[in-house]
Amino acid sequence: MFKSTTEVIDCLGEQDYIATNEIGTVLFLAERLNKPVLAEGPAGVGKTELAKAWSAASGRELIRLQCYEGLDETKALYEWEYAKQMLYTQLLRDKLQTLLVDSQSLAQAADRLAAEEDVFFSQRFLLARPLLKAITSEKPVTLLIDEIDRTDAEFEAFLLEVLSDFQVSVPEIGTIKAKTQPLVLLTSNNTRELSEALKRRCVYLFIDYPTLEAELKIVRLKVPNLAPELAKQAVDLVQKLRRLDLKKNPSVSETIDWAKALVLLNAKTLDKETLENTLTILLKHEADVQRARTSMQREEQQQRRRPPLDLDDGSFNGNIKPIKRI
Amino acid sequence: MEDRIVQFIAGLRAAGVRVSLAESQDAIQATSHIGITDRAMFKSALSATLIKEKKDVPIFEKLFPLYFNMGTPPLIPVGGQLTPEQQALLRAAMRALIGELSDLVQRLMAGKQLSREEMERLAKMLGADRSRRPEDIPRLTRQMLQKMGMGDLMEQIETLLQQLAEMGMTREALDQIRQELEANAQNLERQVNQFLGQSLADRLTEQPPQKGDPDLMDRHFGSLSESEIKELRREVARLAARLRSRIALRQKKGDGKIFDAKTTMRENIRHGGVPFEMHWKKKRLKPKFALICDMSESMRDVIEFMLRLMYELHDQVSRARSFGFYDHLEDVTDEFSSNRPDEAIAYVKRRFPYRPYGTDLGFCLADFFHTYMDSIDHRTTIIFLGDGRNNYNDPRLDLVQDLTRRARKVVWFNPESNYEWGSGDSDMLKYQPLVSAVHQVSNLRQLAEAVDKLFS
Chain A
3 MFKSTTEVID CLGEQDYIAT NEIGTVLFLA ERLNKPVLAE GPAGVGKTEL
53 AKAWSAASGR ELIRLQCYEG LDETKALYEW EYAKQMLYTQ LLRDKLQTLL
103 VDSQSLAQAA DRLAAEEDVF FSQRFLLARP LLKAITSEKP VTLLIDEIDR
153 TDAEFEAFLL EVLSDFQVSV PEIGTIKAKT QPLVLLTSNN TRELSEALKR
203 RCVYLFIDYP TLEAELKIVR LKVPNLAPEL AKQAVDLVQK LRRLDLKKNP
253 SVSETIDWAK ALVLLNAKTL DKETLENTLT ILLKHEADVQ RARTSMQREE
303 QQQRRRPPLD LDDGSFNGNI KPIKRI
Chain B
1005 MEDRIVQFIA GLRAAGVRVS LAESQDAIQA TSHIGITDRA MFKSALSATL
1055 IKEKKDVPIF EKLFPLYFNM GTPPLIPVGG QLTPEQQALL RAAMRALIGE
1105 LSDLVQRLMA GKQLSREEME RLAKMLGADR SRRPEDIPRL TRQMLQKMGM
1155 GDLMEQIETL LQQLAEMGMT REALDQIRQE LEANAQNLER QVNQFLGQSL
1205 ADRLTEQPPQ KGDPDLMDRH FGSLSESEIK ELRREVARLA ARLRSRIALR
1255 QKKGDGKIFD AKTTMRENIR HGGVPFEMHW KKKRLKPKFA LICDMSESMR
1305 DVIEFMLRLM YELHDQVSRA RSFGFYDHLE DVTDEFSSNR PDEAIAYVKR
1355 RFPYRPYGTD LGFCLADFFH TYMDSIDHRT TIIFLGDGRN NYNDPRLDLV
1405 QDLTRRARKV VWFNPESNYE WGSGDSDMLK YQPLVSAVHQ VSNLRQLAEA
1455 VDKLFS
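Chains as they are written, first to last, in our numbering: chain A, 3 to 328; chain B, 1005 to 1460.
Note that these hints are calculated values from the structure, not bench results.
Here are the simulated DSBU-like cross-link-like pairs (lysine-lysine), alpha carbons at most 35 angstroms apart as the crow flies: (1) A/77 x B/1457; (2) B/1058 x A/5; (3) A/286 x B/1058; (4) B/1292 x B/1234; (5) A/242 x B/1058; (6) A/242 x A/274; (7) A/5 x B/1066; (8) A/250 x B/1234; (9) A/219 x B/1059; (10) B/1457 x A/250; (11) B/1047 x A/224; (12) A/234 x A/262; (13) A/219 x B/1047; (14) B/1266 x A/135; (15) B/1285 x A/86; (16) A/286 x B/1457; (17) A/77 x B/1292; (18) A/249 x B/1066; (19) B/1066 x A/250; (20) A/141 x A/179; (21) A/219 x B/1234; (22) B/1292 x A/286; (23) B/1047 x A/181; (24) A/77 x B/1266; (25) B/1059 x A/249; (26) A/86 x B/1261; (27) B/1066 x A/234; (28) A/135 x A/224; (29) A/242 x B/1353; (30) A/286 x B/1353; (31) A/5 x B/1047; (32) B/1058 x A/250; (33) A/224 x B/1058; (34) B/1047 x A/249.
Could you build the full structure based on these sequences and the hints that come with them?
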């Protein structure tokens, strides 16, 4: 268990996750209060990544439950392994025969068979899905319930039950209680309103796009090969793009992909050609790409009207070509 | 501290944030873990346990400083560090200017705090004791200080310093006095600000929450303010996103009644060919839409939302075609698929300029029949978005009848409430028996329900 908020932030830092004070506080509290964390925010700001870093930082295994509409208990909690049960009955037919051979009546045979029922409804034939796995695990785990907003309301209600006392009842077996309480992180892209009850049980964390400094730090950390000057330019551009009101804003992970691409292409500067070639890594809609292009052109024109930059002021080094203007 | 947190929670509730008992317990527990030494951490602990929706964050941000303000430094008598001769000089100067200096300067010189009663009296004079909005506080602070004579404070200080200089005060001493006076003035401002904040906080705690606006979901599209329209746009986008997963699910589910021998055999090879798992053929439902939107003047209030809905549907369903009609019919599919929402809507609106009494649905239907009938087949759902007001032109019911035969479904979204149907030039009642369904769509809730029914 972490001792303080700063320790949380430091440990996340060791896992290459740059956490804000707020994230540190919330994770610290979640562990202390034994409450799930509900992380909301736009897609691609590192919510899932946070879960991974958290589990690694606290030395727990990560169990992930990806949600989608139509997800039900058999996919999330447990399922009887029907095929295996059938196979076993087939293979054990002889044994069953000997068991039933000297029974006097049909009722007696049925009774005998019923006495052996436990064999077929035991943990052996129970197919544990992520939730049950998290509960029955011997070692402490972190449970990530990803994109909870995609499930239906019924599943949310069911989840509530599991999250409130970390126990599950299987009718044939009985109640299974968690041996160690898992840390739980739920993420949501806020495509629909989550129920009050679920929110009430969670500690809430809103993760927004990082600031320029924070994003630069992330890029530096994840793509150390990128020249610092170029990294700054790249992040600056991404931040500008986010202000453009696009159909889909570039996410942090896309910034990182782009930075990696720039390294692979051996780019020295963000000139027009490199941008043309790589902009599609950041923007995934044709309309967005068009919009970004026009806005960049406009900016360039404005810059052209201003007095030209002094290229010998030391901020540029020798091998940088001035930006080509077409 | 606990009391203050409880008051803060009451304030939040009064401002319309829902905080349950369990959550307030969490907040108090959380702060006991975090401690109160680090203000930022204390704040995020409260925020994490009390605020569960992004829209409540601004309220939290506004109220937090009102309840958890650090104490302001007290006013200090001016001239404490001067030599006894200089202090005597200062007193003499004050005596000499006794008629000219305002109460405020004298108060600042003496370092005398405003008592609570004085503040309350001033606040009452300005009506600050009735304010319920945290954003009023900077203005009220300014007004209260004006009332106390902050306006000509600078001149007054100058007069005093002038007098002192004439009486032979040294330069350093003068600077010292000026600095101390200004520091006192600043602290006074902070005190007033805090007083106003606290009294507002107390008021919010005491008084029951006001009843808010009727839910945005139930408001008529035509009666919305600029900011509400913005919010509604976001809601429409969210509605569309929800639809997407729903459509995908419905497409997947189909109603599997036919045995799928091929898949069953393939899947059961791993069980040695014993068919444990049955597979059924899935019927795939691939929705196709033709959206026909009325662009006439009578639709003006709601057209923005109708078009936005069309845009979002385009985004979700790949095979959607859109048409607009007024006095003629036009295919506007390209506008929607190649532009961003605001531009697309503006373009489409521009394509149909205002023509008084121009609506002619019958003619447009004929046009549609003639030119675009190839886009309609047995999988297409045709959606009319309009009020069915036809300027007493021929409604061409025969064409609508034909459409219902050709298409999977013909649905009508009408922004008017159903007692208006059939009144005046409305042909709605004539169309109603021919089409599969008519939904009244005048607010977001109805829109959501109507769209939801499209996919069932």
